[in-house]
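Asks: These protein sequence lines map, in sequence, to chains A and B. Sequence positions in the first sequence follow the numbering used here and run 1 to 111. Sequence positions in the second sequence follow the numbering used here and run 112 to 224.
What the hints contain is simulated information worked out from the structure, not anything from laboratory work. Virtual Cβ for every residue (Gly too), placed ideally from N, Cα, C. Any given hint might turn out to be false.
Below, a sample of chain B positions facing chain A; criterion: calculated Cβ distance under 7 Å [what the hints assert, rightly or not]:
(1) Asp150
(2) Gly154
(3) Pro155
(4) Phe157
(5) Thr160
(6) Ser163
(7) Lys211
(8) Phe214
Result set (DSS-like, lysine-lysine): computed pairs, CA atoms no more than 25 Å apart in a straight line [unchecked claim]:
(9) Lys174(B) x Lys190(B)
(10) Lys180(B) x Lys153(B)
(11) Lys190(B) x Lys153(B)
(12) Lys78(A) x Lys42(A)
(13) Lys78(A) x Lys57(A)
(14) Lys57(A) x Lys174(B)
(15) Lys78(A) x Lys170(B)
(16) Lys83(A) x Lys153(B)
(17) Lys180(B) x Lys190(B)
(18) Lys179(B) x Lys190(B)
(19) Lys179(B) x Lys153(B)
(20) Lys174(B) x Lys153(B)
(21) Lys168(B) x Lys179(B)
(22) Lys57(A) x Lys42(A)
(23) Lys57(A) x Lys83(A)
(24) Lys83(A) x Lys168(B)
(25) Lys78(A) x Lys174(B)
(26) Lys42(A) x Lys153(B)
(27) Lys78(A) x Lys168(B)
(28) Lys180(B) x Lys168(B)
(29) Lys83(A) x Lys42(A)
With beta-carbon atoms standing in for the labels, derived distance ranges [unchecked claim]:
(30) Asp62(A) x Glu181(B): 17 to 25 Å
(31) Gln14(A) x Ala188(B): 45 to 53 Å
(32) Lys153(B) x Asp71(A): 39 to 47 Å
(33) Asp62(A) x Thr137(B): 46 to 54 Å
(34) Gly16(A) x Pro191(B): 42 to 50 Å
(35) Ile38(A) x Pro119(B): 20 to 28 Å
(36) Thr137(B) x Glu59(A): 17 to 25 Å
(37) Ser131(B) x Asp71(A): 41 to 49 Å
(38) Pro224(B) x Leu30(A): 41 to 49 Å
(39) Thr137(B) x Gln14(A): 38 to 46 Å
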Amino acid sequence: EPEVTQTPSHQVTQMGQEVILRCVPISNHLYFYWYRQILGQKVEFLVSFYNNEISEKSEIFDDQFSVERPDGSNFTLKIRSTKLEDSAMYFCASFGVSEQYFGPGTRLTVT
Amino acid sequence: EDQVTQSPEALRLQEGESSSLNCSYTVSGLRGLFWYRQDPGKGPEFLFTLYSAGEEKEKERLKATLTKKESFLHITAPKPEDSATYLCAVRGDRLFNTDKLIFGTGTRLQVFP
C-alpha cells in the first residue's frame with residue numbers, strides 16, 4: 001500500500017514564528033499538494049507543485065507561505081510568520097495515475 | 112464556481128442497515144470524482160476514483176456510482192468499524208487551469224452494534 005509520510009505529527013509554535021512542515025510523497029509520483037483542514041471544516045486546497053514549480057495556488061497561499069522540494073524525496077511547506085488562524089491540520093498529498101493519496105497530517109497549533 | 116455538496120451531514124445506522132450517501136457537484140469539466148474515508152485526527156484515506164457517468168466501483172461493503180451531476184456511496188450491511196466521515200471531492204479539468212481537489216464537508220457516519 002503506497003504511503004505518504006509527514007513530520008512532525010504535532011507542532012506547537014508561537015505567533016510570528018516560522019514553521020516548516022515536511023512530507024515524503026510516494027516515490028514515483030510527480031504531482032504534490034498541500035491542503036489544510038481547520039477543525040470542524042472542510043479540507044481546503046493550498047498549493048500544487050509539479051516539475052519543481054508551483055502549478056496552482058489558492059487565495060490562502062499568500063506571501064507567508066512557500067513550498068520546496070529540496071531533494072528527490074522531501075516536499076516542504078514553510079509558513080514564515082505564523083498567525084493564530086493558521087492553526088489547522090496540514091495534509092500533504094501526492095497524485096499517481098488515478099489516485100490522490102494523503103499523508104496523516106501535521107497538527108499545527110499557533111499560540 | 113466549482114462546488115461539492117454532501118448529504119446528509121450525519122447518518123446513524125444500525126449494524127446491517129444499508130444506506131447511501133450523496134455527493135452532488137458542479138465543476139468545469141470533471142477529471143475525476145474521489146471518495147475518501149477520514150477518521151478523527153487522521154488524513155483522508157483514498158477509497159475510489161470515478162471518471163464518467165455510469166461508472167461504478169466496489170470495495171468490500173462500499174460501492175460508488177457516478178452520474179453527470181452526483182455520486183452515491185452505497186454502504187451494504189455496515190459494521191461499527193465503518194464509522195467515519197466520508198468525503199467526496201472533485202478534480203477539475205486542466206483546460207480550466209485547475210488541478211486541485213475540491214472537497215465537500217463530508218458525511219459523518221456512525222454505525223451502532
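Asks: Enumerate the violated hints, using their earlier numbering and listing them in ascending order.
Replies: 1, 6, 10, 14, 15, 17, 18, 19, 24, 25, 27, 30, 32 and 33
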